[in-house]
Amino acid sequence: MTGATTPLLKTHRLVRTAEIMGTVVSVHVILDRGEDDGNLSESPLPDSAASDSPVPDPAAPDDAVAAIERSFGELREMDRIFSTYRADSDISRIRAGSLTVEEADPLVALVRRACDRAEVVTGGLFSARWRGGFDPTGYVKGWAVERAFNRWLRPLLGLDGVIAVGMNAGGDMQLATRPDADWRWRVGIADPSRPGMLLATTELTDGAVATSGTAERGAHIRDPRSAKPPTTGAAGATVIADRLSDADVWATAAVVAGINDLGWVARARHTSGLVVGYDGRIRRWAAGDEVDAVRKAGSAVS
1 MTGATTPLLK THRLVRTAEI MGTVVSVHVI LDRGEDDGNL SESPLPDSAA SDSPVPDPAA
61 PDDAVAAIER SFGELREMDR IFSTYRADSD ISRIRAGSLT VEEADPLVAL VRRACDRAEV
121 VTGGLFSARW RGGFDPTGYV KGWAVERAFN RWLRPLLGLD GVIAVGMNAG GDMQLATRPD
181 ADWRWRVGIA DPSRPGMLLA TTELTDGAVA TSGTAERGAH IRDPRSAKPP TTGAAGATVI
241 ADRLSDADVW ATAAVVAGIN DLGWVARARH TSGLVVGYDG RIRRWAAGDE VDAVRKAGSA
301 VS
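Residue numbers (UniProt numbering): 1 to 302.
Hints are not guaranteed to be accurate.
Distance windows between CB atoms, simulated [unchecked claim]:
#1 Met197 to Leu110: 36 to 42 Å
#2 Arg186 to Asp88: 39 to 45 Å
#3 Gly22 to Thr201: 23 to 29 Å
#4 Ala266 to Arg225: 32 to 38 Å
#5 Val24 to Arg117: 26 to 32 Å
If you are wondering where the hints come from, they were derived from the structure by calculation, not from laboratory data.
No residue lacks a Cβ here, since even glycine has one placed at the ideal position from N, Cα and C.
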């Protein structure tokens, strides 16, 4: 994700990354460095420029650095509770029968209720109960990023000089911009049929973007109605919403529903997005309705 500013706004980007929850998580804090007499449009800073043990950054407020570390710490704690790859996690113990939901961390019950609501709202296109018991893997990452972002990073917008903050976890993003700042996040949407290529770009000041399908994590999706990979012709979907937990759920639902079925979007009026078929077709929606005719990948999509 990159950003765009007005010509006279000079910015500095603080970036920190960590490997958590099986993916690379990066935090971006945009700092206002005053006016410049040159034309500046910020270029992306590679995530590899930062690490779990960052070097001191004299331009970074101490509060921002501390908040980033706390957000990473919270994600690690969520991984400890919810990871299905750790035998000692609450979820693994619940699935093994050695712990009940009532005995587990209270967040487990909260997530189970959220997953149950998502299953109802999506008409069964999303479920956390199809893989031999309760498995909220498809929900937890987006929810955890959103939660850590709102607790630790969004409050940074109240600091002098901080104009925008963003958290990116494997391509799923929660973003925010100070209301009086002329900053927009520019997000590239991956083309699932052409790894490394962008299908489109979008700009937003505040909100979340989630992508599901083959581009980021391979063929990891299962249709909860059959417990098998979807055979509905969708290679991937990207959804924009206010909350990453919602965007993540609906991106999964879009892939499961497939390229030929957009009937579900009437239930997702708070989202916009697109779904891409293996045949190259693209369908877009916004506010509960399809917004343009089916088109092929490679044609202009803004």
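Just to be sure I understand the hint, the distance between the Cβ atoms of Met197 and Leu110 should be within 36 to 42 Å; is that true here?
holds (38 Å)
CB-CB spacing for Arg225 and Ala266 relative to the 32 to 38 Å hint:
violated (20 Å)
Kindly confirm whether 23 to 29 Å is satisfied by the beta carbon distance between Gly22 and Thr201.
Roughly 27 Å apart at Cβ, these two residues keep to the hinted range, so it holds.
Has the hinted range 39 to 45 Å been met by the Cβ atoms of Arg186 and Asp88?
holds (41 Å)
Within 26 to 32 Å: is that where the Cβ-Cβ distance between Val24 and Arg117 falls?
holds (29 Å)
Checked against the numbered hints above, the structure violates only hint 4.
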